[in-house]
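Q: So the sequences go chain by chain: C and Y.
When the letters of the first sequence are read in order and numbered with the working numbering, they come out as residues 823 to 931.
When the letters of the second sequence are read in order and numbered with the working numbering, they come out as residues 16 to 129.
Derived by calculation from the structure, the hints in this document are not laboratory data.
Where is the CB? At the ideal position from N, CA and C, for every residue including glycine.
A couple of the hints might just be wrong.
Stated by the list, open to error - Computed beta-carbon distance windows for the label pairs:
#1 Y:Thr-35 / C:Ser-850: 45 to 53 Å
#2 C:Lys-831 / Y:Ile-117: 21 to 29 Å
#3 C:Lys-837 / Y:Asn-33: 32 to 40 Å
#4 Y:Arg-30 / C:Phe-836: 25 to 33 Å
#5 Y:Glu-67 / C:Gln-926: 32 to 40 Å
#6 C:Val-928 / Y:Ser-127: 46 to 54 Å
#7 C:Gln-926 / Y:Arg-30: 40 to 48 Å
#8 Y:Arg-125 / C:Ala-823: 27 to 35 Å
#9 Y:Ser-102 / C:Gln-824: 37 to 45 Å
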Amino acid sequence: AQRVTQPEKLLSVFKGAPVELKCNYSYSGSPELFWYVQYSRQRLQLLLRHISRESIKGFTADLNKGETSFHLKKPFAQEEDSAMYYCALGGDSWGKLQFGAGTQVVVTP
Amino acid sequence: DTGVSQDPRHKITKRGQNVTFRCDPISEHNRLYWYRQTLGQGPEFLTYFQNEAQLEKSRLLSDRFSAERPKGSFSTLEIQRTEQGDSAMYLCASSLEREGNIQYFGAGTRLSVL
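Looking at chain Y on its own, in the form it has when it is part of the complex (with noise of 0.2 Å):
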């Protein structure tokens, strides 16, 4: 297990189409957290998943924005009507309850709207 994946690394769009991220936790991580970071920022919490349950959502989190994670393993976000302010670093990363709240991170996908 080499750690949380996420694909792709770079994604380059038009305004106004949509993009979807995929992320892949850690094996038997139950618990999987999207956040983005913006330059010069530290990341800010999107979404949480505790196994295939979406348990919060932030209010950075616009109707444009969805997540899923189906049968509790890999999660996808997905951004519609991509805008220019959605240009940033979407982070996930996975945790295993019993570890408390030790996160490990993927690397990253890198969103530019142009």
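This is chain C alone, in the form it adopts within the complex (with noise of 0.2 Å):
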């Protein structure tokens, strides 16, 4: 069965200190993952995805299929960064996401 795990609901970091969300999945294709972001009072958007393998707001994530993870991380953490982040798992030729519970992350100064 396809699965999304995010074992951590809150996460409270001191700003400029490294942040790490987990993200563990199950899937028995070939996974394609996200990293979504839900700003206070914002909708839903996309932070990163695996395939583009970029860096965006100073966040990388990388795929690691044999452990079955796709965690985020940035080494510096910016109050602005504080955020509800959602790794989410598709593969499916059609788009359906499947998204985990989600992770809170409060970066205080």
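Both chains are given apart, each in its own frame, so use the hints to dock them into the complex.
A: If you want it as structure tokens, here you go:
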């Protein structure tokens, strides 16, 4: 069965500290992984996807098929990174996404 | 184009009433998705359209739910005989097939069933 697990509901970090959001998935096919972010009072928006292999707002994520993980990392957290982050799994040809439960990140000064 | 538009933003209804939500996707996006999100959870897939064809429905979508996308443009999601368990945020997303699976989300319609 297709599943996305985000083990941390809340992550509180100090400004300037590294932050890592964990995401593990289970999928029998070829996965496509995404991180979506929702800032306060804003709509859900794409942060990054694994196939683009780029850094967005200082965030990176590497797909590890051996560990079935797609953890999101940023070396120095900023206050504007405070938001809800969702890991999402695609893979079907027509793009249905399976979301994790989300991790709330709070960056304190 | 201001992105995916959903209407209404909030809907309060009494149990047993019917409600209908509308989603206007980004122009030229041929794929349209409906998701439902409850408190503390991520969005859960409900149904998907490619142009006007509804290609998949989740088991979450009971027979009280129906979705349409006439002419392959806007879509409507109707819930008949609402129940308190239907209270949730209903999200619409659209994508362009040639862009792969990048989905653009609307702000959602929050439904409260009293």
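Q: Now tell me if each hint is right for this structure.
A: Structure-based check of all given hints:
{"no.": "1", "hint": "Y:Thr-35 / C:Ser-850: 45 to 53 Å", "in the structure": "37 Å, violated"}
{"no.": "2", "hint": "C:Lys-831 / Y:Ile-117: 21 to 29 Å", "in the structure": "26 Å, holds"}
{"no.": "3", "hint": "C:Lys-837 / Y:Asn-33: 32 to 40 Å", "in the structure": "49 Å, violated"}
{"no.": "4", "hint": "Y:Arg-30 / C:Phe-836: 25 to 33 Å", "in the structure": "46 Å, violated"}
{"no.": "5", "hint": "Y:Glu-67 / C:Gln-926: 32 to 40 Å", "in the structure": "38 Å, holds"}
{"no.": "6", "hint": "C:Val-928 / Y:Ser-127: 46 to 54 Å", "in the structure": "27 Å, violated"}
{"no.": "7", "hint": "C:Gln-926 / Y:Arg-30: 40 to 48 Å", "in the structure": "31 Å, violated"}
{"no.": "8", "hint": "Y:Arg-125 / C:Ala-823: 27 to 35 Å", "in the structure": "29 Å, holds"}
{"no.": "9", "hint": "Y:Ser-102 / C:Gln-824: 37 to 45 Å", "in the structure": "26 Å, violated"}
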